[in-house]
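**Student:** Chain order of the listed sequences is A and B.
Letter 11 of the first sequence, counting from 1, is numbered 11 in this note's numbering, and no numbers are missing.
Letter 103 of the second sequence, counting from 1, is numbered 103 in this note's numbering, and no numbers are missing.
For the record, the hints were derived by calculation from the structure and aren't laboratory data.
Treat the hints with care, since some could be wrong.
Stated by the list, open to error - Covered, in the sense of this in silico footprint (three residues per stretch, anywhere, with C-beta under 8 Å from a C-beta of chain A), are these stretches of chain B: (1) 43–50; (2) 75–86.
Said to hold, decoys possible - Residues from chain B shown here face chain A by an in silico Cβ test under 10 Å; the list is partial: (3) T14; (4) G16; (5) R22; (6) R57; (7) A92.
To be verified - Listed next, the stretches of chain A that the computed footprint assigns to chain B, with coverage defined by at least 3 CB atoms under 8 Å from CB atoms of chain B: (8) 10–24; (9) 64–75.
For every residue, glycine included, the Cβ atom is placed at its ideal position computed from N, Cα and C.
The lines below spell out each chain.
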Amino acid sequence: GQQVMQIPQYQHVQEGEDFTTYCNSSTTLSNIQWYKQRPGGHPVFLIQLVKSGEVKKQKRLTFQFGEAKKNSSLHITATQTTDVGTYFCAGVNNAGNMLTFGGGTRLMVKP
Amino acid sequence: DAGVTQSPTHLIKTRGQQVTLRCSPISGHKSVSWYQQVLGQGPQFIFQYYEKEERGRGNFPDRFSARQFPNYSSELNVNALLLGDSALYLCASSFRGGADTGELFFGEGSRLTVL
Numbered sequence: 001g002q003q004v005m006q007i008p009q010y011q012h013v014q015e016g017e018d019f020t021t022y023c024n025s026s027t028t029l030s031n032i033q034w035y036k037q038r039p040g041g042h043p044v045f046l047i048q049l050v051k052s053g054e055v056k057k058q059k060r061l062t063f064q065f066g067e068a069k070k071n072s073s074l075h076i077t078a079t080q081t082t083d084v085g086t087y088f089c090a091g092v093n094n095a096g097n098m099l100t101f102g103g104g105t106r107l108m109v110k111p
Numbered sequence: 001d002a003g004v005t006q007s008p009t010h011l012i013k014t015r016g017q018q019v020t021l022r023c024s025p026i027s028g029h030k031s032v033s034w035y036q037q038v039l040g041q042g043p044q045f046i047f048q049y050y051e052k053e054e055r056g057r058g059n060f061p062d063r064f065s066a067r068q069f070p071n072y073s074s075e076l077n078v079n080a081l082l083l084g085d086s087a088l089y090l091c092a093s094s095f096r097g098g099a100d101t102g103e104l105f106f107g108e109g110s111r112l113t114v115l
């Protein structure tokens with residue numbers, strides 16, 4: 001079945017440093033979504049990418065969808081303590097399987 | 001406008017018991033998806049219902065069942081509970097059903113502990 005992997009599992013950064021999480025799928029994706037889950041909270045939608053090679057920005061967050069539509073990344077510039085949480089990618093493959101979540105990358109920011 | 005509401009928020013059961021979890025989607029949303037999130041892992045897809053019909057089922061045993069009502073609210077039932085069923089059960093609503101739901105709106109979840 002479809003598998004979505006994320007690396008790293010955990011990342012500690014000093015406030016102001018950059019952060020990147022990577023997402024890889026075992027199958028070609030029709031689209032990919034990113035969610036953020038604060039500690040003790042529920043996943044909150046950040047963005048959806050659909051086109052091959054697509055790049056979208058939200059303030060300090062930059063999202064990319066790979067040319068082959070099998071990988072994606074989320075980059076945060078100059079992290080802040082409010083960025084703390086777990087970032088999940090979730091993909092839909094071309095076979096129409098339901099949204100499959102990766103294992104997440106937990107970001108911890110030291111003030 | 002109210003978001004996705006789930007009940008109960010927390011519950012404790014013993015092995016072998018049965019549990020029913022409830023979810024009310026955002027007004028106007030016709031699709032409800034259920035996910036299981038074990039501590040430290042990503043949400044795992046259990047079911048999706050759209051317009052009261054099952055549209056997708058994840059890799060979960062038949063002990064898990066769900067249904068959607070005419071008002072689009074949904075229930076998830078788990079029979080013969082096992083210790084490994086302890087998890088946060090998340091309900092997500094969306095306007096569209098099928099594989100391309102677009103944005104999922106999650107509720108706060110029901111945290112189930114099985115002793």
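**Student:** Decide, hint by hint, whether the structure agrees.
**Tutor:** Going through the hints against the structure:
For a cut-off of 8 Å, the count of residues in the region 43–50 of chain B with a CB near a CB of chain A stands at 4, and the three-residue condition holds. Coverage of the region 75–86 of chain B by chain A is violated in this model, with 0 residues showing a Cβ closer than 8 Å to a Cβ of that chain against a need of three. Of the supplied interface hints, the one on B:T14 is violated, with its beta-carbon coming no nearer than about 25 Å to a beta-carbon of chain A, more than 10 Å. The interface hint given for B:G16 is violated, since its Cβ lies 29 Å from the closest Cβ of chain A, which is over the 10 Å cut-off.
Interface hint status for B:R22: violated, as the beta-carbon distance to the closest one in chain A is roughly 16 Å, over 10 Å. Below 10 Å, beta-carbon pairs count as interface contacts, and B:R57 has one with chain A at about 9 Å; its hint therefore holds. The beta carbon of B:A92 is positioned within 10 Å of a beta carbon in chain A (closest approach about 8 Å), and the interface hint is therefore held. Residues of the region 10–24 of chain A with a Cβ under 8 Å from some Cβ of chain B number 0, which does not satisfy the need for three, so the listed coverage is violated.
Only when three residues or more bring their CB closer than 8 Å to a CB of chain B does the claim for the region 64–75 of chain A stand; here the count is 0, and the claim is violated.
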